[in-house]
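Novice: Respectively, the protein sequence lines represent chains W and E. Residue numbers for the first sequence follow numbering that gives the first Met the number 0, so the first one is 0 and each next one is one higher. Residue numbers for the second sequence follow numbering that gives the first Met the number 0, so the first one is 0 and each next one is one higher.
No lab work stands behind these hints, which were simulated from the structure alone. Glycine is no exception: its CB is placed at the ideal position from the N, C-alpha and C atoms. Please note that the accuracy of each hint is not assured.
Here are the simulated BS3-like pairs of lysine-lysine, each with C-alpha atoms no more than 25 Å apart in a straight line [what the hints assert, rightly or not]:
hint: 1; chain 1: E; residue 1: Lys126; chain 2: E; residue 2: Lys74
hint: 2; chain 1: E; residue 1: Lys1; chain 2: E; residue 2: Lys14
hint: 3; chain 1: E; residue 1: Lys14; chain 2: E; residue 2: Lys126
hint: 4; chain 1: E; residue 1: Lys212; chain 2: W; residue 2: Lys9
hint: 5; chain 1: W; residue 1: Lys9; chain 2: E; residue 2: Lys158
hint: 6; chain 1: W; residue 1: Lys2; chain 2: E; residue 2: Lys307
hint: 7; chain 1: E; residue 1: Lys222; chain 2: W; residue 2: Lys9
hint: 8; chain 1: E; residue 1: Lys222; chain 2: E; residue 2: Lys212
hint: 9; chain 1: E; residue 1: Lys190; chain 2: E; residue 2: Lys126
hint: 10; chain 1: W; residue 1: Lys8; chain 2: E; residue 2: Lys158
hint: 11; chain 1: W; residue 1: Lys9; chain 2: E; residue 2: Lys307
hint: 12; chain 1: W; residue 1: Lys8; chain 2: E; residue 2: Lys212
hint: 13; chain 1: E; residue 1: Lys36; chain 2: W; residue 2: Lys8
Selected chain E positions facing chain W (in silico; Cβ < 8 Å) [to be verified]:
hint: 14; residue: Gln34
hint: 15; residue: Val214
hint: 16; residue: Asp236
hint: 17; residue: Ile312
Reference listing, derived: stretches of chain E covered by chain W, where coverage requires no fewer than 3 residues with Cβ under 8 Å from a Cβ of chain W [said to hold, decoys possible]:
hint: 18; segment: 81-92
hint: 19; segment: 275-288
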Amino acid sequence: MQKVNVFSKKLGSNLTIEINGGGPSITRLYESSADENAPGNSEISLATEFSDRNWEAWVNAGWNNWGAICN
Amino acid sequence: MKTAYFSISFDCNEKCVFCPCSENANNQPDVSLQQMKQSLDIAIDQKGVNHVLLSGGEPTLKKEFLQFLEYIVSKNLSIGILSNALKFASKKYLQKVTDITGTENIEITTAIHSHIPEKHERLTQVKNSFRRSLEGLHNIIDAGISTSVKYNMINYTYKELPEYTDWVYKTFPDDVTFLICNIDINGVALKNKDLIAVTFEESTPFLETALDKAVEYRRNGRKRNVKVFTTPLCTLDPYYWGFVNNRTKEELAALRVPSENPVNNRLFLGIDSDTGTMFAPCQNCALKDPCPGTWKMTGELFGDQIFKPFESIATI
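Same shape as in the complex, but just chain W:
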């Protein structure tokens, strides 16, 4: 598993992104008051496989994944 450290200007803190990790979904950030509580260097997870939608709990649910193929 790979980890990447990134800085979010929006949150004013670092985030550690785990690729395909078991950490909480990145969408946790959007839950109520999550950003106020975001700890520095908090760990969140991104998935690489299209079929693995664990980090897409609400924003990417659904099946329209080629809908953007044309203008």
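Given the coordinates of chain W, work out where chain E should sit on it, guided by the hints.
Specialist: Then chain E, alone, in the frame of chain W:
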């Protein structure tokens, strides 16, 4: 889902100034119903296709559109349609479609280019197209079909994306998906690139404001799916990455693809999309895999310096 992308007609009832098809796309020989059926059979046999995405041009203008739908249904495949929804302004026509497909296995995506009718119609170059596409969309939604409304990020309208986002939440029920896309600057769009092309640097602040609104709506109990396509992670604050549709590993089977030089009626098996992380700076980026990248032409127009690769801090 294994998708076959079929560009079944280059006819269109709009003249969008950012169309990725070339102006002479319609000079290509017409693809016959027999060719479409045979191509689908091959895609099923060789690629295990189980979903067909119908595009064009405007696919509903294809004379044999309903017959091809019948054939797709007979193969037990699900159907996606990229349509401007003008024809669906007629409930009678929509009924003809759903009589064939039912409403469970069909999904329709329609781009509304601005919430300001005059601007939408400046881009489509067709009077009353805003009102008629909206009528079509509402008919589709009322019929119980899965629906997506698509916004294309272009120079002429990108600053209005936050207001457009409010309009989407006001106008459509929450089960309508909201897609925000960067566009393929090809064909007619390439000719009009001064009106069309916008850099990530210019558009990102407006995209982020729009996504802030989506988060706020979510916190106030709204449940809409919002997806951002063809936007590299390095162009967006990490806070917003949960909205970015991650990269598909799926290969497409495709019958014709829009481009500056469309190849006559050719069936492609196992092609990659024209989007991805194929740019030089992406090759050493630690987020190359989850990142959707963007359109190949975007990289060619704006140059590799728009991409900022990330370094890995640990591999476990």
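Novice: Each hint should be assessed against the structure and marked as holding or not.
Specialist: A quick look at each hint next to the structure:
no.	hint	verdict
1	E/Lys126 / E/Lys74	violated, 38 Å
2	E/Lys1 / E/Lys14	violated, 31 Å
3	E/Lys14 / E/Lys126	holds, 11 Å
4	E/Lys212 / W/Lys9	holds, 14 Å
5	W/Lys9 / E/Lys158	holds, 20 Å
6	W/Lys2 / E/Lys307	holds, 17 Å
7	E/Lys222 / W/Lys9	holds, 23 Å
8	E/Lys222 / E/Lys212	holds, 13 Å
9	E/Lys190 / E/Lys126	holds, 22 Å
10	W/Lys8 / E/Lys158	holds, 21 Å
11	W/Lys9 / E/Lys307	holds, 18 Å
12	W/Lys8 / E/Lys212	holds, 17 Å
13	E/Lys36 / W/Lys8	violated, 52 Å
14	Gln34	violated, 20 Å
15	Val214	holds, 5 Å
16	Asp236	holds, 5 Å
17	Ile312	holds, 5 Å
18	81-92	violated (count 1)
19	275-288	holds (count 3)
Comparing the model with each numbered hint stated earlier shows that hints 1, 2, 13, 14, 18 do not hold.
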